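Please work from the sequences and hints to get the whole structure.
Number of protein chains: 2
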Amino acid sequence: MDIKNYMEGVGQAARAAAADVAKASTAAKNKALLSMAAAVRARQAELLAANAADLAQARQDGLDAAMLDRLTLSAKGIESMAQGLEQVAALPDPVGEITDLKRRPSGIQVGKMRVPIGVVGIIYEARPNVTADAAALCLKSGNAAILRGGKEALRSNQAIAACVREGLKVAGLPETSVQVIETTDREAVSHLVAMPKYVDVIVPRGGKGLIERVSRDARVPVIKHLDGNCHVYVDGDADAAKALKIIENAKTQRLGTCNTAESLLVARSVAMAQLPAIAAMLIAKRIEIRGCAETQALVPQAKAATEEDYYTEYLAAIISVKIVAGVDEAIAHINKYSSQHTDAIVTENYTNAMRFLREVDSASVMVNASTRFADGFEFGLGAEIGISTDKFHARGPVGLEGLTSQKWIVLGDGEVRA
Amino acid sequence: MDIKNYMEGVGQAARAAAADVAKASTAAKNKALLSMAAAVRARQAELLAANAADLAQARQDGLDAAMLDRLTLSAKGIESMAQGLEQVAALPDPVGEITDLKRRPSGIQVGKMRVPIGVVGIIYEARPNVTADAAALCLKSGNAAILRGGKEALRSNQAIAACVREGLKVAGLPETSVQVIETTDREAVSHLVAMPKYVDVIVPRGGKGLIERVSRDARVPVIKHLDGNCHVYVDGDADAAKALKIIENAKTQRLGTCNTAESLLVARSVAMAQLPAIAAMLIAKRIEIRGCAETQALVPQAKAATEEDYYTEYLAAIISVKIVAGVDEAIAHINKYSSQHTDAIVTENYTNAMRFLREVDSASVMVNASTRFADGFEFGLGAEIGISTDKFHARGPVGLEGLTSQKWIVLGDGEVRA
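From first to last, the protein sequence lines are chains A and B.
For the first sequence, the numbering used here assigns the number 1 to the initial residue and increments by one for each residue that follows.
For the second sequence, the numbering used here assigns the number 419 to the initial residue and increments by one for each residue that follows.
FYI, nobody ran anything at the bench for these hints, they're computed from the structure.
Keep in mind it's a predicted model, so treat the numbers as computed, not measured.
Certain hints may be false.
Claimed, not checked - Calculated cross-link-like contacts (lysine-lysine; reagent style BS3-like; alpha-carbon spacing at most 25 Å):
id : chain 1 : residue 1 : chain 2 : residue 2
1  : A       : Lys336    : B       : Lys530
2  : B       : Lys754    : A       : Lys245
3  : A       : Lys336    : B       : Lys660
4  : A       : Lys112    : A       : Lys151
5  : B       : Lys754    : A       : Lys23
6  : B       : Lys520    : A       : Lys242
7  : A       : Lys102    : B       : Lys663
8  : B       : Lys441    : A       : Lys336
9  : B       : Lys660    : A       : Lys102
10 : A       : Lys112    : B       : Lys754
11 : B       : Lys520    : A       : Lys112
12 : B       : Lys626    : A       : Lys197
13 : A       : Lys242    : B       : Lys754
14 : A       : Lys197    : B       : Lys663
15 : A       : Lys102    : B       : Lys530
16 : B       : Lys660    : A       : Lys112
17 : B       : Lys520    : A       : Lys102
18 : A       : Lys208    : B       : Lys615
Set out below in structure tokens:
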């Protein structure tokens with residue numbers, strides 16, 4: 001197989017399909033999504049068989065338990081994939097939405113219309129459920145999609161792709177509106193990210209290595225999601241009960257998510273009163289504490305934190321702790337060490353809350369809430385394709401809006417410029 | 419002078435200043451802008467002398483009349499520069515604006531806050547007025563700025579930079595909030611566009627060559643403005659009087675602007691009735707017509723258009739003309755040949771107007787209005803730093819909003835994720 005020719009063909013087909021998807025009616029897109037859900041349910045046995053074959057191969061290749069877990073499709077997983085497709089069908093259609101229409105002194109009305117981007121390329125690891133998810137979000141936002149999943153999930157992804165194509169066909173949309181790459185050759189990715197003629201944006205979903213590689217090689221814009229080194233700052237005016245509850249949730253509810261807190265800052269004025277109870281809670285949950293000297297003085301079990309610790313997204317049962325003078329030092333520390341993903345302050349002080357909100361330069365900034373809320377569903381986007389730590393185009397959780405663009409529209413009655 | 423060291427120093431200073439500018443009050447920013455305007459007026463003699471020296475050198479170097487014209491600062495030009503600074507002071511401050519705040523089922527309130535991007539690098543040709551303009555827009559949007567103007571305007575730009583620094587000083591803002599590069603070495607540009615540590619976005623203002631060079635070498639996002647190959651489509655249901663007036667304005671009001679129409683499409687059903695009068699108007703205005711065979715049959719003076727003509731932004735007294743079957747062919751033609759800047763339909767037909775608005779994939783799409791309206795002032799942005807033909811981040815005229823980002827904010831009362 002000539003990979004370059006194959007990818008050019010996929011790109012051309014996507015570009016051609018994009019024009020049809022962009023102008024498809026909401027009803028047609030929803031019909032396709034609901035038909036995909038029906039196909040996923042009807043073909044449960046096929047999906048399970050394809051997945052079993054992928055799993056057998058993966059075990060033979062010695063994949064670790066975590067990877068096998070992500071690769072596995074259960075009957076329950078297939079049902080929630082179908083429900084996910086139905087949920088996207090139920091979301092409002094972002095395409096064609098007109099906002100901010102205002103009449104100008106010249107007589108023209110000027111506003112904005114939300115429109116698809118065109119062709120979206122999504123690169124992800126061996127998680128078959130992402131195939132259905134990504135297909136649904138791209139279709140609903142009026143884009144054609146080229147999906148490239150991890151090679152270990154090839155058979156599962158092709159089986160899901162058949163359901164997606166069936167849904168598109170039932171709705172009268174081009175089957176090439178969503179294409180799942182059929183080769184596991186890595187060269188396919190190199191072409192996918194470097195075809196500006198056919199692909200308008202790349203969304204890498206996966207580990208840091210994947211995202212850095214894609215960002216380096218891409219010749220089109222990338223909506224990327226890097227580290228989540230998230231902070232909770234307990235201010236001098238924090239409510240102790242709220243602080244304890246928020247830190248417990250932010251750090252210990254799930255250790256491996258990007259919105260999990262990795263670092264705790266405590267105002268010196270409340271450290272003696274609040275830090276021992278917080279530390280006791282963390283230690284009871286088997287979280288290792290790595291703190292500054294002042295932290296170690298208050299928490300004997302704490303190890304010494306290095307400069308590197310404050311930069312680290314552990315994704316593990318470890319938290320770094322630092323005692324700071326107050327909100328100024330907290331903001332400066334976060335703007336230096338944070339990955340600009342999500343950071344929270346716990347305070348009853350209005351001015352400190354407002355300053356933290358405005359001055360912390362992160363995608364999501366919170367007052368008296370757990371960092372774990374940084375999520376497309378929790379924010380009301382209905383679904384998310386990723387969480388962007390960039391400042392351009394899409395920032396924070398990326399839903400249907402992040403897969404669209406806004407153009408200007410002018411409604412006139414023969415006006416000309418003076 | 420070690421250009422790399424110099425640019426690193428400029429970058430570091432800009433990054434440090436950006437934190438102060440980002441949190442500066444609206445009052446401080448406006449005071450700086452008004453003080454800059456006062457300084458520009460007070461130092462008129464200095465500015466004229468610096469500009470005279472630039473002009474003398476430029477004449478010696480054999481610059482052409484158009485470049486000399488753009489380089490020239492008159493007393494009137496200095497007054498309008500001062501007024502421009504005052505106008506930016508009068509615009510609403512975009513920084514800190516909170517929108518879309520909604521309460522979620524979890525109890526948290528989620529919304530968006532508009533915030534500065536950080537450090538903006540602007541690269542432009544020998545037009546001294548851009549120095550004041552760009553400084554004002556970056557400051558008002560809470561960003562630090564690094565400005566690099568054309569080498570022929572060095573003395574003029576340094577004289578304006580002195581006024582800008584004076585205004586910043588009066589308002590208590592860091593004088594390094596706006597830095598004008600002091601070297602004319604081209605190497606400075608290569609460093610400026612490739613310092614992601616210090617510069618967050620590059621805005622090139624100038625010819626196609628400059629923009630392509632910057633886009634190719636940039637290692638940070640670029641807000642770019644390429645060709646304006648704008649179309650007017652006269653639909654089968656066009657009002658003939660509106661069509662004539664709009665084409666006259668769109669093509670002939672100014673020949674050299676990016677929102678000038680370069681191509682005219684006419685529906686076959688009205689070509690015989692409307693094209694001769696339109697052509698007569700254009701010919702009377704000394705516009706050369708290059709048309710398809712059907713156009714030539716109706717307009718004997720028309721030359722034959724080549725395929726290349728339909729792709730061309732003439733910026734001159736030439737227009738390409740094509741007769742098309744109707745709105746479908748018009749949309750397809752525009753989506754193929756247009757530079758996605760600005761395209762307009764003239765029609766009384768509701769469905770054709772809606773289809774054109776939705777399906778033409780350009781930054782500004784218009785119904786019954788002249789393409790010349792695609793402009794920051796005309797659209798109500800107050801001012802513009804450029805017109806983007808990208809689909810990401812900023813599309814169409816870029817004003818203060820385009821120089822900002824939106825982050826998510828969460829207002830809670832101790833909520834945690836279930």
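The hints, checked one at a time:
Between lysine 336(A) and lysine 530(B) the CA atoms are separated by roughly 22 Å; this keeps the pair inside 25 Å, and the hint holds. At most 25 Å may separate the alpha-carbon atoms for a hinted pair to count; lysine 754(B) and lysine 245(A) exceed this at roughly 57 Å. A C-alpha spacing of about 58 Å is found between lysine 336(A) and lysine 660(B), which places the hinted pair above 25 Å, so the restraint is violated. At most 25 Å may separate the alpha-carbon atoms for a hinted pair to count; lysine 112(A) and lysine 151(A) exceed this at roughly 41 Å.
Our distance criterion of 25 Å between C-alpha atoms is met by lysine 754(B) and lysine 23(A), whose separation comes to about 16 Å. With a CA separation close to 22 Å, the supplied pair lysine 520(B) and lysine 242(A) stays within the 25 Å bound. Among the hinted pairs, lysine 102(A) with lysine 663(B) is consistent with the structure: their alpha-carbon atoms are about 23 Å apart, no more than 25 Å. As the CA atoms of lysine 441(B) and lysine 336(A) are separated by approximately 16 Å, the hinted pair is consistent with the 25 Å bound.
For a cut-off of 25 Å, the pair hint linking lysine 660(B) to lysine 102(A) stands: about 22 Å separates their Cα positions. Pair hint lysine 112(A) plus lysine 754(B) holds up; C-alpha atoms about 22 Å apart against a cutoff of 25 Å. As the CA atoms of lysine 520(B) and lysine 112(A) are separated by approximately 22 Å, the hinted pair is consistent with the 25 Å bound. Our distance criterion of 25 Å between C-alpha atoms is met by lysine 626(B) and lysine 197(A), whose separation comes to about 19 Å.
A C-alpha spacing of about 58 Å is found between lysine 242(A) and lysine 754(B), which places the hinted pair above 25 Å, so the restraint is violated. For a cut-off of 25 Å, the pair hint linking lysine 197(A) to lysine 663(B) is broken: about 36 Å separates their Cα positions. Between lysine 102(A) and lysine 530(B) the CA atoms are separated by roughly 22 Å; this keeps the pair inside 25 Å, and the hint holds. Simply put, lysine 660(B) and lysine 112(A) have alpha-carbon atoms about 24 Å apart, close enough for the 25 Å limit, and the pair holds.
At most 25 Å may separate the alpha-carbon atoms for a hinted pair to count; lysine 520(B) and lysine 102(A) meet this at roughly 24 Å. Using a Cα cut-off of 25 Å, the hinted pair lysine 208(A) and lysine 615(B) holds, with the two alpha carbons roughly 19 Å apart.
This entry does not satisfy hints 2, 3, 4, 13 and 14, going by the numbered hints stated previously.
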